[in-house]
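J.: These protein sequence lines map, in sequence, to chains A and B.
For the first sequence, position 376 (counting from the first letter as 1) is numbered 376 according to UniProt numbering, and the numbering increases by one without interruption.
For the second sequence, position 245 (counting from the first letter as 1) is numbered 245 according to UniProt numbering, and the numbering increases by one without interruption.
The set of hints was computed from the structure by calculation and includes no laboratory data.
Please note that the accuracy of each hint is not assured.
[Said to hold, decoys possible] Derived, one-sided and incomplete: chain B residues facing chain A with beta-carbon distance under 10 Å:
(1) P7
(2) I33
(3) R276
[Stated by the list, open to error] If you want the ones that stay clear, here's a sample from chain A, every Cβ over 12 Å from chain B, calculated:
(4) F21
(5) R144
(6) G184
(7) P201
(8) D305
(9) R385
We treat Cβ as the ideally placed atom computed from N, Cα and C, and that holds for glycine.
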Amino acid sequence: MSDALRKEVRDWMAKHLTGRFAPLWMRAGAGEGDVMPELRKEWERELAAGRWTCLGWPEEHGGRALSVAEQVVFQEEYSRAGGPGRMGHIGEGLIGPTILDYGTDDQKARFLPPIRAGEAFWAQGYSEPSAGSDLGNIRTRARRDEATGDWLVTGQKIWTSMAHVSDWIFVLARAEPDSVGRKGLIFLMMKLDQPGIEIQPIRQIGGGAEFNSVFFDGARAEARDVLGEVGDGWKIAMALLGYERGISTLGQQMSFAQELDLIIEIARENGAAERAAIRQRIAYAWAGLRAMRSLALRVLSEDPDAEAELMRERLAYKYQWATWHRDLGALAMDVIGLDGAPIEGDPRRERLEQMFLFTPADTIYGGTNEIQLNILAEVGLGMPREPRGTLT
Amino acid sequence: MHLTLTPDQRMIRDEGARFLAERASSEKLRALIEAGTRWDRDLWQAIAAELGWCAIAVPEDEGGLGMGATEVLVLMELSGARLAPVPLWSTLCLATPLLLALGAGKARARLLERIVAGEAALAVALGDPGAADGGAATITARAEGEGWVLDGIAARVIDAEAADVILVPAVIDGGTALFALERDMGQEIAPLETLDATRPVARLTLDGVALPGSARLDADGLTADQMTRALDMAHLGLAAEQIGAARAVMDLTLDYIAERVQFGRTIASFQAIKHRCAALEVDMAEARALALGIAAEFDTASAEDIAGLRVLAGDLARKAAREAIQMHGGVAITWEYDPHFYFKRAQATAALLGPRDAHLERIAAALLDQGDAA
Numbered sequence: 001m002s003d004a005l006r007k008e009v010r011d012w013m014a015k016h017l018t019g020r021f022a023p024l025w026m027r028a029g030a031g032e033g034d035v036m037p038e039l040r041k042e043w044e045r046e047l048a049a050g051r052w053t054c055l056g057w058p059e060e061h062g063g064r065a066l067s068v069a070e071q072v073v074f075q076e077e078y079s080r081a082g083g084p085g086r087m088g089h090i091g092e093g094l095i096g097p098t099i100l101d102y103g104t105d106d107q108k109a110r111f112l113p114p115i116r117a118g119e120a121f122w123a124q125g126y127s128e129p130s131a132g133s134d135l136g137n138i139r140t141r142a143r144r145d146e147a148t149g150d151w152l153v154t155g156q157k158i159w160t161s162m163a164h165v166s167d168w169i170f171v172l173a174r175a176e177p178d179s180v181g182r183k184g185l186i187f188l189m190m191k192l193d194q195p196g197i198e199i200q201p202i203r204q205i206g207g208g209a210e211f212n213s214v215f216f217d218g219a220r221a222e223a224r225d226v227l228g229e230v231g232d233g234w235k236i237a238m239a240l241l242g243y244e245r246g247i248s249t250l251g252q253q254m255s256f257a258q259e260l261d262l263i264i265e266i267a268r269e270n271g272a273a274e275r276a277a278i279r280q281r282i283a284y285a286w287a288g289l290r291a292m293r294s295l296a297l298r299v300l301s302e303d304p305d306a307e308a309e310l311m312r313e314r315l316a317y318k319y320q321w322a323t324w325h326r327d328l329g330a331l332a333m334d335v336i337g338l339d340g341a342p343i344e345g346d347p348r349r350e351r352l353e354q355m356f357l358f359t360p361a362d363t364i365y366g367g368t369n370e371i372q373l374n375i376l377a378e379v380g381l382g383m384p385r386e387p388r389g390t391l392t
Numbered sequence: 001m002h003l004t005l006t007p008d009q010r011m012i013r014d015e016g017a018r019f020l021a022e023r024a025s026s027e028k029l030r031a032l033i034e035a036g037t038r039w040d041r042d043l044w045q046a047i048a049a050e051l052g053w054c055a056i057a058v059p060e061d062e063g064g065l066g067m068g069a070t071e072v073l074v075l076m077e078l079s080g081a082r083l084a085p086v087p088l089w090s091t092l093c094l095a096t097p098l099l100l101a102l103g104a105g106k107a108r109a110r111l112l113e114r115i116v117a118g119e120a121a122l123a124v125a126l127g128d129p130g131a132a133d134g135g136a137a138t139i140t141a142r143a144e145g146e147g148w149v150l151d152g153i154a155a156r157v158i159d160a161e162a163a164d165v166i167l168v169p170a171v172i173d174g175g176t177a178l179f180a181l182e183r184d185m186g187q188e189i190a191p192l193e194t195l196d197a198t199r200p201v202a203r204l205t206l207d208g209v210a211l212p213g214s215a216r217l218d219a220d221g222l223t224a225d226q227m228t229r230a231l232d233m234a235h236l237g238l239a240a241e242q243i244g245a246a247r248a249v250m251d252l253t254l255d256y257i258a259e260r261v262q263f264g265r266t267i268a269s270f271q272a273i274k275h276r277c278a279a280l281e282v283d284m285a286e287a288r289a290l291a292l293g294i295a296a297e298f299d300t301a302s303a304e305d306i307a308g309l310r311v312l313a314g315d316l317a318r319k320a321a322r323e324a325i326q327m328h329g330g331v332a333i334t335w336e337y338d339p340h341f342y343f344k345r346a347q348a349t350a351a352l353l354g355p356r357d358a359h360l361e362r363i364a365a366a367l368l369d370q371g372d373a374a
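Based on the provided sequences and hints, a complete structural model is requested.
T.: Structure follows, in structure tokens:
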């Protein structure tokens with residue numbers, strides 16, 4: 001099955017990632033998630049036409065009900081073929097599965113088909129200026145409009161990837177005014193194109209602007225667009241983060257491997273490959289990547305008897321790959337050497353530089369390294385919890 | 001590919017762990033060392049003859065249980081965790097794969113039968129156990145009448161004192177042959193004082209030792225390829241020991257810091273401690289996953305895969321032992337507490353079959369020096 005699938009993906013990619021889609025080859029990776037959004041939306045529709053979106057979804061909702069192992073095969077071949085960063089990722093991998101589990105029939109009917117078809121793109125409204133690692137410190141407020149039952153949202157979200165080119169945003173907001181922490185939150189789905197919402201791009205370290213600040217000033221979420229009940233916000237927000245389980249990271253590892261290949265190529269060209277310390281670092285990076293693949297395969301295991309033994313590894317995985325990738329960025333620059341020198345204008349250099357500039361973010365987004373270690377220590381190793389401070 | 005243990009493998013692990021918990025305590029280890037005994041004969045009897053661990057990797061048509069590298073990994077993790085002072089690695093991970101790699105032969109088959117039955121502990125007189133490829137043979141052999149005469153010194157033979165049979169690679173007519181050296185054939189075995197008292201090493205001197213014709217195990221030479229295949233399992237076994245030892249020393253440290261109180265709180269509650277324990281757990285996850293990944297596809301594992309595993313497992317074990325000492329504080333540098341056993345074992349094992357930089361260089365050469373980039 002998986003070999004046939006592998007071939008099917010390979011053949012399809014070879015046939016379709018060409019012509020007008022050729023500029024997307026190997027693009028929109030780390031640090032340049034904002035490039036060519038319109039063409040990438042078209043590419044999502046091309047994927048949808050080939051039935052390559054939402055592979056893990058049930059067939060009644062347009063998916064193929066593929067197993068995790070099969071989805072991994074797709075991810076690997078997609079990345080190996082140079083497929084661009086997926087505009088549809090948040091819809092397909094995060095909000096879609098959450099709606100499948102927690103949504104009403106009406107929500108499923110309205111939201112799922114456009115996600116599957118590559119016609120609706122989603123942004124994630126979790127982080128706020130004062131709610132980063134401490135996500136429970138959400139201050140964005142949702143107030144019920146008694147006349148309509150709609151919710152009116154006021155506040156600010158930040159680090160909202162691709163909000164400027166998305167159609168919808170899911171928002172974690174405080175619905176009970178006096179609540180604190182994880183209680184009293186609501187999970188809302190909102191149209192981005194409305195009067196009460198203003199989107200400001202945030203220019204990044206590498207020059208691009210994938211992230212945004214999203215300001216809400218009495219913006220409206222329709223009554224029928226609440227996911228779950230008032231007070232369920234935290235539970236649903238966490239469930240959403242659980243669906244992805246790192247399937248896409250197997251594809252990500254393919255691009256890591258491509259980056260390492262570029263480093264090796266350049267090292268062989270410019271003589272860095274003859275320096276003992278560089279040789280050892282390249283070898284160490286290679287071993288770490290090899291381990292990362294095995295770790296991902298374990299983390300993605302669906303073996304119920306192995307749950308207990310895998311719990312710590314699941315908690316370790318993000319720290320492992322993020323830290324590995326950050327170190328790879330530094331290695332790349334040490335191999336390239338003198339700034340602006342011999343390989344100026346070389347697209348390989350540009351890619352590696354962007355990687356170097358973006359990888360410090362790997363150890364921050366999706367839970368900083370420090371938070372990962374806290375969780376691993378407390379949940380994985382049963383060590384005492386950090387005390388909550390009293391400052392507001 | 002799942003990389004999780006099957007129910008059978010889990011059963012082997014759980015039963016083995018229960019057994020070793022009863023029979024291989026650190027108190028016993030300390031008593032053995034203080035008595036000047038360098039290995040645990042009773043424990044070995046139980047492991048080899050009662051539990052049959054040495055049979056697991058021998059194919060069924062050779063009388064064994066026909067299990068694979070993953071089962072070897074599981075058992076070596078267990079023995080590494082308890083620092084079991086028995087010649088398990090030498091027998092199960094070095095001598096047995098060497099005999100299996102050798103191909104057919106009557107003497108070889110008889111020896112495998114003894115291993116499977118738990119009647120023989122084995123060691124291998126590598127030319128240089130500090131080299132990743134085991135080094136070139138330092139013993140020479142010549143034919144004399146119906147038999148053979150062996151001369152030379154193997155400077156460091158792991159588990160030589162415990163071995164009922166030492167496999168001796170010897171130079172003969174420009175090639176290498178493999179001989180089985182039974183006890184009391186005129187060899188001299190001189191125990192060496194080493195850093196790690198849990199793995200005995202001795203110097204083997206052969207001064208005109210005469211062996212019968214049947215002592216030669218190979219048909220027409222021991223090839224480098226056969227040696228490499230055997231050493232792959234030896235490397236996997238060492239890595240598994242390192243991972244098991246790291247797990248054990250981390251667990252005893254977690255127990256200790258959960259009890260130790262300073263400044264009115266357990267030291268486990270300090271974030272400086274929590275983060276270091278968690279970071280170690282990340283290294284553990286990484287090394288263990290790699291070991292399981294390599295074991296699952298052992299027959300196609302590359303030299304670079306094996307080298308990478310040795311680096312990660314070696315780093316893990318050393319860091320775990322060092323952190324265990326730091327987190328125990330002063331008591332850890334006393335004889336009475338356990339971390340020092342792991343500290344020594346981790347360092348000594350990392351040097352066995354190739355130092356860290358040699359493993360990395362092996363990978364680097366493959367990536368950087370030939371053909372196309374990986």
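J.: Now tell me, hint by hint, if it's right for this structure.
T.: Hints, verified against the model:
no.	hint	verdict
1	P7	holds, 7 Å
2	I33	violated, 31 Å
3	R276	holds, 9 Å
4	F21	holds, 27 Å
5	R144	holds, 40 Å
6	G184	holds, 28 Å
7	P201	holds, 34 Å
8	D305	violated, 7 Å
9	R385	violated, 8 Å
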